[in-house]
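Engineer: Residue numbers (the working numbering), protein chains in the order written: chain A, 942 to 1291; chain B, 7 to 334.
The hints are simulated quantities; they were obtained by calculation from the structure and are not laboratory data. This structure is a prediction, so every number in the text was calculated from the model and none was measured. Take these hints with a grain of salt, some might be off.
What the hints assert, rightly or not - Pair ranges (Cβ atoms, derived):
(1) N1101/A with A62/B: 17 to 25 Å
(2) S66/B with I1041/A: 55 to 63 Å
(3) A252/B with T1037/A: 42 to 50 Å
(4) A103/B with L1226/A: 45 to 53 Å
(5) P1086/A with H141/B: 47 to 55 Å
(6) L316/B with T1037/A: 23 to 31 Å
(7) V190/B with F1191/A: 37 to 45 Å
Even for Gly, the Cβ is constructed at its ideal location relative to N, Cα and C.
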Amino acid sequence: MKTNRERFGLALIAIALIALPFVLASVGTAWVRITNFAVLFTLLSLGLNIVVGFAGLLDLGYVAFFAVGAYVYALLASPHFGLHLPFWVILPIGATVACIAGVVLGAPTLRLRGDYLAIVTLGFGEIVRIFMNNLSSPVNLTNGPKGINRIDPFQIGPLNFSASDSFGGLVFSGPIKYYYFLLLVLLAVIIINRRLQDSRIGRAWVAIREDEIAARASGINTRNIKLLAFAMGASFGGIAGGMFAAIQGFVSPESFILNESIMILAMVVLGGMGNIWGVVAGAVLLSFVPELLRYTVEPAQKALFGKLLVDPEVLRMLIFGLALVLTMRFRPAGLWPEMRHRRELDQDRA
Amino acid sequence: MDTLLQQIINGLTTGSVYAVVALGYTMVYGVIQLINFAHGEVVMIGAMVAFSVITALAGSGLPPLVIVLAGVMAAIPSCMLMGYLLERAAYRPLRHAPRLAPLITAIGMSIVLQHLALLVWGRNPLAFPQIVDNHVFGIGGAAISSVQIVIILLSLTMMAGLSWFVYRTRFGIAIRATAENVDVAGLMGVNADRVIAATFVIGAGLGAVAGVMYGSYYGIAHYTMGFSLGLKAFSAAVLGGIGNIAGAMLGGILLGLVEALGTGYVGELTDLCGWPIAHGWLAGQCADGGNFVLFGSNYQDVFAFLMLILVLVLRPSGLLGERVSERA
């Protein structure tokens, strides 16, 4: 049972999250968009966390599933093929296609050692990107490097997510509507993750992560359970991809490069593999780092040297790389380790 | 021009570069079972250092061969130092950590090195200064350039040298003993730390030369070149059987050939107009010598990955490798 104090805390957090976009919008709509992308990357991190954190399978091509979801949405809701399906039809399709992609990739590779899996997933991510780049001939499927634009925004009845509405004096701009939608999805994903973690499947994942042979000896069908982790992680990636396409209104292979996979991995690793709240914190932290850099490093350099010496984009990748290295060196369980890890560490100390 | 022979020559050239890079992966993997993700970036930095030195000396009036040699001689120690530092700073502290930890560190180091190179050399590719006269010889309807001949010969020499070192010297025995069993090798008086550091340094030195060869073959060096080159070389190492030195050489050359032949013929093979079954519904498209190519040569980079996946599925231990357990 939750105590009254905890309930009060949760209520405060909920109110803060609901009020957040209006506070941000008063600073600038750009910040609402930035927050939306932070939530989107939190979703992706939670999806990758199932694969890397729970099941201990290093997936370096996770962005491929994100890409599949985004392209499914783009193809089914844009003038490219003249299809305009509603989003509640497309998102499940995107999740399913991504899930199938996950199983197709996972089935032949999951019986391999962990580090081979990392390389194969990396290669898979590249293959998906190369195909997206080149499938514009002989039949124009993806429109090649130019990408697909004029993608439909979400539409619920008369409510269009790209337009502004006002209710009771409050202006609900497009990004604010997406924010609430993303928040709902995030809430659902967190609840699903929590339930999964404590379920039979979740415990099976952890067992495989800790010792695969022992897990198999305990009667776990390791191949199917690993495949399930892959499929679920991929589906979450697919859903996030669909929402990404709608929010951006534009997709191109540029958005799905290896660096994105690394970035999502850095979020999971820094926050604490396997710990849902740690992953959320890691994703939020690393999502805002580039924005902070843009607002501090750029003016600081211009003031000091009169010109831009270090591109904030480069600095961002340097920080992600260093975050991976330093986390593994000094806090291998992440900044906010999972309880189970912590308990193990305490036992060692006793 | 004879396409088959030409593609074989091209494949041998890139294949021997892959083989030399693959040696770096396979030696490290053989000794500590780590995929040194950052190896591709070390190769890239070797090319960048050499290109910078060559460009700087290009106007000095020295003989071209001396300039190129100076570039290579600058790249080798830089990369060796980098390999040593990588092992010392990033991997050694994690030697007894869970498997995932050093792998994640390796990815992190790869990103860091790539972006440091971007800071130093910028976003634009460095061009190989036109100082060496690249003579082209014709053989049997195909062409082979002097650069290609040098690359193939140099790679073979380096592979022979490494084989001699690993199989015929005292230190080579120490390396193989460590690969076999670190603890027992330690009991026999082998300093494991030194052996592990040495595999990184040797691999990086070979990688530096490979980077220069690769860069001079394509005429440019770029901060992202290490990524795909590294991935392909790793695929080559897996193809031959990772941890196996002869396997890496074989795998590299095979991969180069598959890639070159695949790129050369994929357009022709997947042109549906050449398939009798497709004639009915593609009649309009195929009329007047038209074509309907499913996959063109722009899919070049896919071959290495497909090959990697195929090998891992069909024969995970590689062509020359011993059987590896599913999980260590």
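Engineer: With reference to the structure, classify each hint as holding or not holding.
Structural biologist: Outcome of the hint check:
1. In this structure, N1101/A and A62/B break the distance hint of 17 to 25 Å, their C-beta atoms being roughly 59 Å apart.
2. Our hint of 55 to 63 Å for S66/B and I1041/A holds, since their Cβ atoms are close to 60 Å apart.
3. Taking the beta carbon of each, A252/B and T1037/A are about 46 Å apart, inside 42 to 50 Å as hinted.
4. Between A103/B and L1226/A the CB atoms are about 23 Å apart, so this pair departs from the stated range of 45 to 53 Å.
5. Take P1086/A and H141/B: their Cβ atoms lie about 37 Å apart, and the range 47 to 55 Å is violated.
6. The hint said 23 to 31 Å for the Cβ distance between L316/B and T1037/A, and at roughly 27 Å that hint holds.
7. Under the hint 37 to 45 Å, the C-beta atoms of V190/B and F1191/A, about 59 Å apart, miss the expected range.
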